[in-house]
Amino acid sequence: MTIQEIADFIGIDCQEKKDIIGLNTLTDSNENELTFLENKKYLSDLKNTKAAAVLVTAENASEVPLGTIALICEEPYLMLAKISKLFTPNVIEMDGEKPLIGGGTKVMPNVYIGKDSIIGSDCTIMAGAFIGDNVKIGNNTIIYPNVTVYRDCTIGSDCIIHAGTVIGSDGFGFANTKDGKYIKIYQNGNVTIGNDVEIGANSTIDRAVFKSTIIEDGVRIDNLVHVGHNCKIGRGSILVAQVGISGSSILNAYVVMGGQSATAGHLEIAAFSTIAARGGVTKSINEPKKSWAGFPLIEHRQWLRLQGKIANLLK
Amino acid sequence: MTIQEIADFIGIDCQEKKDIIGLNTLTDSNENELTFLENKKYLSDLKNTKAAAVLVTAENASEVPLGTIALICEEPYLMLAKISKLFTPNVIEMDGEKPLIGGGTKVMPNVYIGKDSIIGSDCTIMAGAFIGDNVKIGNNTIIYPNVTVYRDCTIGSDCIIHAGTVIGSDGFGFANTKDGKYIKIYQNGNVTIGNDVEIGANSTIDRAVFKSTIIEDGVRIDNLVHVGHNCKIGRGSILVAQVGISGSSILNAYVVMGGQSATAGHLEIAAFSTIAARGGVTKSINEPKKSWAGFPLIEHRQWLRLQGKIANLLK
Amino acid sequence: MTIQEIADFIGIDCQEKKDIIGLNTLTDSNENELTFLENKKYLSDLKNTKAAAVLVTAENASEVPLGTIALICEEPYLMLAKISKLFTPNVIEMDGEKPLIGGGTKVMPNVYIGKDSIIGSDCTIMAGAFIGDNVKIGNNTIIYPNVTVYRDCTIGSDCIIHAGTVIGSDGFGFANTKDGKYIKIYQNGNVTIGNDVEIGANSTIDRAVFKSTIIEDGVRIDNLVHVGHNCKIGRGSILVAQVGISGSSILNAYVVMGGQSATAGHLEIAAFSTIAARGGVTKSINEPKKSWAGFPLIEHRQWLRLQGKIANLLK
Chain A
1 MTIQEIADFI
11 GIDCQEKKDI
21 IGLNTLTDSN
31 ENELTFLENK
41 KYLSDLKNTK
51 AAAVLVTAEN
61 ASEVPLGTIA
71 LICEEPYLML
81 AKISKLFTPN
91 VIEMDGEKPL
101 IGGGTKVMPN
111 VYIGKDSIIG
121 SDCTIMAGAF
131 IGDNVKIGNN
141 TIIYPNVTVY
151 RDCTIGSDCI
161 IHAGTVIGSD
171 GFGFANTKDG
181 KYIKIYQNGN
191 VTIGNDVEIG
201 ANSTIDRAVF
211 KSTIIEDGVR
221 IDNLVHVGHN
231 CKIGRGSILV
241 AQVGISGSSI
251 LNAYVVMGGQ
261 SATAGHLEIA
271 AFSTIAARGG
281 VTKSINEPKK
291 SWAGFPLIEH
301 RQWLRLQGKI
311 ANLLK
Chain R
1 MTIQEIADFI
11 GIDCQEKKDI
21 IGLNTLTDSN
31 ENELTFLENK
41 KYLSDLKNTK
51 AAAVLVTAEN
61 ASEVPLGTIA
71 LICEEPYLML
81 AKISKLFTPN
91 VIEMDGEKPL
101 IGGGTKVMPN
111 VYIGKDSIIG
121 SDCTIMAGAF
131 IGDNVKIGNN
141 TIIYPNVTVY
151 RDCTIGSDCI
161 IHAGTVIGSD
171 GFGFANTKDG
181 KYIKIYQNGN
191 VTIGNDVEIG
201 ANSTIDRAVF
211 KSTIIEDGVR
221 IDNLVHVGHN
231 CKIGRGSILV
241 AQVGISGSSI
251 LNAYVVMGGQ
261 SATAGHLEIA
271 AFSTIAARGG
281 VTKSINEPKK
291 SWAGFPLIEH
301 RQWLRLQGKI
311 ANLLK
Chain C
1 MTIQEIADFI
11 GIDCQEKKDI
21 IGLNTLTDSN
31 ENELTFLENK
41 KYLSDLKNTK
51 AAAVLVTAEN
61 ASEVPLGTIA
71 LICEEPYLML
81 AKISKLFTPN
91 VIEMDGEKPL
101 IGGGTKVMPN
111 VYIGKDSIIG
121 SDCTIMAGAF
131 IGDNVKIGNN
141 TIIYPNVTVY
151 RDCTIGSDCI
161 IHAGTVIGSD
171 GFGFANTKDG
181 KYIKIYQNGN
191 VTIGNDVEIG
201 ANSTIDRAVF
211 KSTIIEDGVR
221 IDNLVHVGHN
231 CKIGRGSILV
241 AQVGISGSSI
251 LNAYVVMGGQ
261 SATAGHLEIA
271 AFSTIAARGG
281 VTKSINEPKK
291 SWAGFPLIEH
301 RQWLRLQGKI
311 ANLLK
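If you're matching them up, the sequences are chains A, R and C in order.
Take the first sequence: its position 73, counting from 1, is numbered 73 in my numbering, and each next residue is one higher.
Take the second sequence: its position 80, counting from 1, is numbered 80 in my numbering, and each next residue is one higher.
Take the third sequence: its position 111, counting from 1, is numbered 111 in my numbering, and each next residue is one higher.
Warning: the hint list may mix true and false statements.
Each pair may be met inside one copy or between any two copies, as identical chains are not told apart.
Simulated crosslink set (DSBU-like; lysine-lysine; CA at most 30 Å straight-line) [what the hints assert, rightly or not]:
hint	residue 1	residue 2
1	Lys-115	Lys-85
2	Lys-309	Lys-232
3	Lys-98	Lys-290
4	Lys-181	Lys-289
5	Lys-181	Lys-309
6	Lys-315	Lys-98
7	Lys-184	Lys-289
8	Lys-309	Lys-178
9	Lys-17	Lys-289
10	Lys-232	Lys-184
11	Lys-17	Lys-309
12	Lys-47	Lys-290
13	Lys-232	Lys-315
14	Lys-50	Lys-17
15	Lys-136	Lys-41
16	Lys-136	Lys-85
17	Lys-178	Lys-289
18	Lys-211	Lys-309
19	Lys-309	Lys-283
20	Lys-17	Lys-232
21	Lys-115	Lys-178
22	Lys-18	Lys-315
The hints are simulated quantities; they were obtained by calculation from the structure and are not laboratory data.
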């Protein structure tokens, strides 16, 4: 789709015929992608973007670098939301190749496997599982009953996905209109799961808005855990039952999140951090190998002291 | 079923032949419905009820209005529970019309659609979805894989229901017997979802005991959210992941509930209220447009101050 | 499998030909089972074990009782994890008898019922349900759509399991290697659910590592509840929505857990205890019939007082 066509769609005049193949962030966009700037906090990213075009307010247009076309509009984020629909693939592909199933893989009854999907050898796909279009699964992986894997996601080898878990549902993203309507930001990314990952029952891993939500090798996720869009769960990390990881947060390697703990979005947790049960992480944790607890979060041994002090209030 | 038959069923003598078509609250009952009074708090509602008959203790029988028959018993709530079974429809309808599916609607394999159900045009019903009997779905709605919609529920147009979500499961209701048994209160209401609603993966919206659990137009619900029976989620409200809304609570328009926040039951939240992540609402919020946090809940800026004061305890 | 074969598998020399039929704890093992000691806290259990053999460090080997063979190794728990795979049954049984379905039981389309399973009379198994191999279900039980019951689990009579719930998924158990890999402890136990139990939508009940996770008669579980492996939920207990019960915890009869409350693992809660919403139980509760709240947990009336004291900090 050309920049001109996109501009037309949102009522902007632009004659540029260059082809756009997708949407992305300021920092990750390449010369065939469209991006946006809504929040001035990212002005420095704008100056360095490689994007073909950027949705931007008049106020910030002067910062758009040479080689990037400025699509000037009042509400860049809302325009991005509207445009995102143009780039979303079909909910179900009607065309495409029949799935490829490797040797030794058992597919039980009542399983749906979509077009262009490739499943490795020695896997077990149990009854009621849904494997969407263009999904890739490695070897020796077990998909338990009633699991749903949305289109375009990938799962590595030696993984176990327990019953009812959903991989690749849409991230929670929308823009507001002035009259109180929400315009969906189509989540055109995917989920990428490494090797030797086990995910418990009825957990949900949302697909990325752009690029991938990433679950690295060796991660262990318990039941009823939520991982938001564009998160990265680092190698060997452990998420205990009912944990919630908000969108765009990054857990480095071997982070342990206790039961019902959670993070806010857009933060980073240093490797080998331990968050106690119910801990609520609202800021990035930069120092590795420490134990944290509470909400607001403090060091675990401080939290224990604090509870003593609080108990003293009753004296 | 006549009042006499109902009375017989619970061992009360009453000759009244009037027909009862359902159960309802004191305030909502019409002249063909049966109601009950257990808690004296609702005595004034009893005085104004339009119900055909009311289960009531001897103590309160004198307050039953003219035109309403008093069915006097020791444990009205328990009797209601027993009677509720008489009014519950079949788990599966064997009779009834084949479902009507509108033009342009795609129904994938391994989908079940029940008797008398009507699905509009241009919908997508994905593999493994269960659409119960007498369900109504509007146009252009997507039901993702392994979603379950229980009988009698309605979903509007332009909705998206993500994988694994359950609409219309029974509300959590039962009465105690003196010997420690729980008698199920059959949940004979439904769930009614408006237009332009998106619900994430593996969330659960319980059906009402009487009438409807209501999700109004434009609501956005994230993953693993629980909405109890008889709640109303007002227009444009946002429920972030892992939120829990207890039964009979009302969120007015544009309420935002942060991740893992929750409400107690039987309360009301004013329009445009924002509850921070983990906030716990235990009383009604009457003033609109304010931000709240904590458990117990206080104004958000007070909560921030309070956390500073608590941190000072460590000094 | 003989002790010698097991020893060979983990690189230990042992000539003993005695047959081992399963793994178990120090206290529960019988003379045909293998057990382990990792934590010195359980040394007294070692002295009294009836197990055929025990994985144990050299340091503790002298405490192994007569009649039990010591398999001496550096990392007993890790060795147990490796051995657990040898005792795990097939994910899907290819052999075995066709399931037996009692009179009056309705099985809807798109249901899978495994080998050797027995379903009683007058049950309803709704579309999309998965009933694994060797599952036993009593009479008059309703399994709603898209429920998954893993192999070897049992469900009693007069139960209701709501849509999307998962019974018998693997407990969250693994041992660490020194180089940061997790070795799965295969969960070779099951889930045993009594009579007259209702479980809400999208809840998860994990199977035991050894023996059974137990849900006793009359229990009521709401939506999105997690029960970890080897828990026992006592008769008549109530778990409100989004509760989390960590592994190996025991709730005695008629315990009530409010919404979003949780327990740590390996603890016991006395009968008739009430835990308020959001309460976090981190130690055993020995005295019955009390009400508790908060995290850390204190008596409910103390918690109310404490909140008053905390609010005073703002003055």
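Subject >> Lys-178 and Lys-289: within-copy, between-copy, both or neither at 30 Å Cα >> reply: between (45 Å within a copy, 17 Å between copies)
Original post:
Within a copy, between copies, both or neither: where do Lys-232 and Lys-315 come within 30 Å Cα-Cα?
Top reply: neither (45 Å within a copy, 36 Å between copies)
**OP:** If the cutoff is 30 Å on CA atoms, where do Lys-115 and Lys-85 land: within, between, both or neither? Let me know, please.
**Re:** For Lys-115 and Lys-85, only the intra-copy Cα distance (21 Å) is at most 30 Å; the inter-copy one is 34 Å.
Subject >> Up to 30 Å CA-CA - Lys-309 versus Lys-17, copy category >> reply: Neither way: Lys-17 and Lys-309 sit 67 Å apart in one copy and 59 Å across, limit 30 Å.
Original post:
Under a CA distance limit of 30 Å, which applies to Lys-309 and Lys-283: within one copy, between copies, both, or neither?
Top reply: The answer is both: 24 Å in one copy and 19 Å across copies each meet 30 Å.
Original post:
Is it within, between, both or neither when you check Lys-98 against Lys-290 at 30 Å Cα-Cα?
Top reply: neither (49 Å within a copy, 54 Å between copies)
Subject >> Within, between, both or neither: Lys-309, Lys-178 at alpha-carbon 30 Å >> reply: Cα proximity of Lys-309 and Lys-178: none, with 47 Å in one copy and 38 Å across.
Original post:
Using 30 Å as the alpha-carbon threshold, which applies to Lys-50 and Lys-17: within, between, both, or neither?
Top reply: within (17 Å within a copy, 69 Å between copies)
**OP:** If the cutoff is 30 Å on CA atoms, where do Lys-17 and Lys-232 land: within, between, both or neither? Let me know, please.
**Re:** neither (36 Å within a copy, 49 Å between copies)
Original post:
How would you classify Lys-315 and Lys-98 at a CA-CA limit of 30 Å: within, between, both, or neither?
Top reply: Neither. Shortest intra-copy (71 Å) and inter-copy (66 Å) distances fail the 30 Å Cα cut-off.
**OP:** Up to 30 Å between alpha-carbons, please classify Lys-211 paired with Lys-309: within, between, both or neither.
**Re:** Classified as neither; 46 Å inside a copy, 42 Å across copies.
**OP:** If the cutoff is 30 Å on CA atoms, where do Lys-47 and Lys-290 land: within, between, both or neither? Let me know, please.
**Re:** neither (37 Å within a copy, 37 Å between copies)
The structure fails hints 2, 3, 5, 6, 8, 9, 11, 12, 13, 15, 18, 20, 21 and 22 (numbered hints given earlier, in ascending order).
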